Amino acid sequence: AQSVTQPDIHITVSEGASLELRCNYSYGATPYLFWYVQSPGQGLQLLLKYFSGDTLVQGIKGFEAEFKRSQSSFNLRKPSVHWSDAAEYFCAVVTTNAGGTSYGKLTFGQGTILTVHP
Amino acid sequence: GAVVSQHPSRVICKSGTSVKIECRSLDFQATTMFWYRQFPKQSLMLMATSNEGSKATYEQGVEKDKFLINHASLTLSTLTVTSAHPEDSSFYICSAGLAGGGWETQYFGPGTRLLVL
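For the protein sequence lines, the chains are H and Z, in the order given.
Quick note: the first sequence, position 111, residue 111 per my numbering, numbers continuous.
To convert, count from 1 in the second sequence and add 1000; that's my numbering.
I should point out that these hints are in silico values taken from the structure, not numbers from a laboratory.
Note that the structure is a prediction, hence the values are computed from the model and not measured.
One or more hints might be untrue.
[To be verified] Per label pair, the in silico range of CB-to-CB distance:
(1) H/Thr115 / Z/His1007: 30 to 36 angstroms
(2) Z/Gly1016 / H/Pro7: 23 to 29 angstroms
(3) Z/Ser1073 / H/Pro7: 39 to 45 angstroms
(4) Z/Asp1065 / H/Thr115: 38 to 44 angstroms
(5) H/Pro79 / Z/Leu1117: 26 to 32 angstroms
(6) Z/Ser1083 / H/Gln71: 44 to 50 angstroms
(7) Z/Leu1026 / H/His117: 32 to 38 angstroms
(8) H/Thr115 / Z/Ser1009: 41 to 47 angstroms
[Claimed, not checked] Capping the alpha-carbon separation at 27 angstroms, the derived lysine-lysine pairs in DSS-like fashion look like this:
(9) Z/Lys1041 / Z/Lys1064
(10) Z/Lys1064 / Z/Lys1020
(11) Z/Lys1014 / Z/Lys1064
(12) H/Lys68 / H/Lys105
(13) Z/Lys1041 / Z/Lys1066
(14) H/Lys61 / H/Lys105
(15) H/Lys49 / H/Lys61
(16) H/Lys105 / Z/Lys1020
(17) H/Lys105 / Z/Lys1066
(18) Z/Lys1066 / Z/Lys1014
(19) H/Lys49 / Z/Lys1066
(20) H/Lys49 / H/Lys68
(21) H/Lys49 / H/Lys105
(22) Z/Lys1055 / Z/Lys1041
(23) H/Lys105 / Z/Lys1041
(24) Z/Lys1020 / Z/Lys1041
(25) Z/Lys1020 / Z/Lys1055
(26) H/Lys61 / Z/Lys1064
(27) H/Lys105 / Z/Lys1014
(28) Z/Lys1041 / Z/Lys1014
(29) H/Lys105 / Z/Lys1064
From the three backbone atoms N, C-alpha and C, an ideal C-beta is built for every residue, glycine too.
The whole structure should be built from the sequences, with the hints applied where relevant.
Below, the structure is given as structure tokens:
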């Protein structure tokens, strides 16, 4: 079964510093990968997604992510963090059946809480 | 565009009562809606997939008789927690997929926080 691991439960960075949030997936074929952000008490907002093509994906709010098949990773990056980026970030993969047909079901990682110091 | 609303945003109820949560796609039609549950400091777990006009598909371990899902129109799905107990207290989030747009883009509602006393 597909799975997603976010090794870092909590990350703290200073405002203006660069950021990288790690995500590793377990999947036999080409995965469909997503990064979402959740502010306290709010729903999820899609930052970016990868289906195929260019392995470096640009998203909203200045975020980008790179798909590395050899490392089974899809890490999220931002060159300069703003205080408003403080939130919880979830990596997710779409679940498919053995034949590769997508059910459209998202499997989420455990989430990484980002704290930004002024 | 692509806004999903949930109502209520927060609800407190007594143990044994039923609670209904609505999920609406405000400016698009959603063939499929998904219901997730998020316990404190944990990730989202898919509970069920709701398709307009048909029975919902529940994930393993989710009691379909306890969590009743109705998707009567392309813009509304409801989740009813029947005979709620304190262990049902959680953050319930729905998402909606665009009709004809495929599964790859789901728009999430703001969530409903349920507290069962």
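- Message: 41 to 47 angstroms was suggested as the range; check whether the CB atoms of H/Thr115 and Z/Ser1009 agree with it.
- Response: violated, 25 angstroms
- H/Pro7 and Z/Gly1016 - C-beta distance against the hinted 23 to 29 angstroms: violated, 41 angstroms
- Message: Tell me if the straight-line CA distance from H/Lys105 to Z/Lys1020 falls inside 27 angstroms.
- Response: holds, 23 angstroms
- Task: Assess, step by step, whether the Cα of Z/Lys1066 is no farther than 27 angstroms from the Cα of Z/Lys1014, and give holds or violated.
- Result: Holds - the C-alpha atoms of Z/Lys1014 and Z/Lys1066 are around 16 angstroms apart, at most 27 angstroms.
- Mind checking the alpha carbons of H/Lys49 and H/Lys61 for me, to see if they're no more than 27 angstroms apart? At roughly 14 angstroms apart (the allowed maximum being 27 angstroms), H/Lys61 and H/Lys49 satisfy the hint.
- Message: Looking only at beta-carbon atoms, does the pair Z/Asp1065, H/Thr115 fall within the given range of 38 to 44 angstroms?
- Response: The hint (38 to 44 angstroms, Cβ to Cβ) holds, given that Z/Asp1065 and H/Thr115 are roughly 41 angstroms apart.
- Straight-line alpha-carbon gap Z/Lys1055 to Z/Lys1041, limit 27 angstroms: Violated, at roughly 31 angstroms.
- With 39 to 45 angstroms as the target window, see if Z/Ser1073 and H/Pro7 comply at their CB atoms. For H/Pro7 against Z/Ser1073, whose Cβ atoms are near 42 angstroms apart, the range 39 to 45 angstroms holds.
- Going straight from one Cα to the other, do H/Lys105 and Z/Lys1041 come out at no more than 27 angstroms? holds, 21 angstroms
- Message: Between the alpha carbons of Z/Lys1041 and Z/Lys1066, is the straight-line distance 27 angstroms or under?
- Response: holds, 24 angstroms
- Mind checking the alpha carbons of H/Lys49 and H/Lys105 for me, to see if they're no more than 27 angstroms apart? With Cα atoms ~14 angstroms apart, H/Lys49 and H/Lys105 stay inside 27 angstroms; holds.
- Message: Would the hint linking Z/Lys1041 and Z/Lys1064 be met if the CA-CA limit is 27 angstroms?
- Response: Distance ~25 angstroms between Z/Lys1041 and Z/Lys1064 Cα, so the pair holds.
The structure does not agree with the numbered hints 2, 5, 8, 19, 22, 26 and 27 stated previously, though it agrees with the rest.
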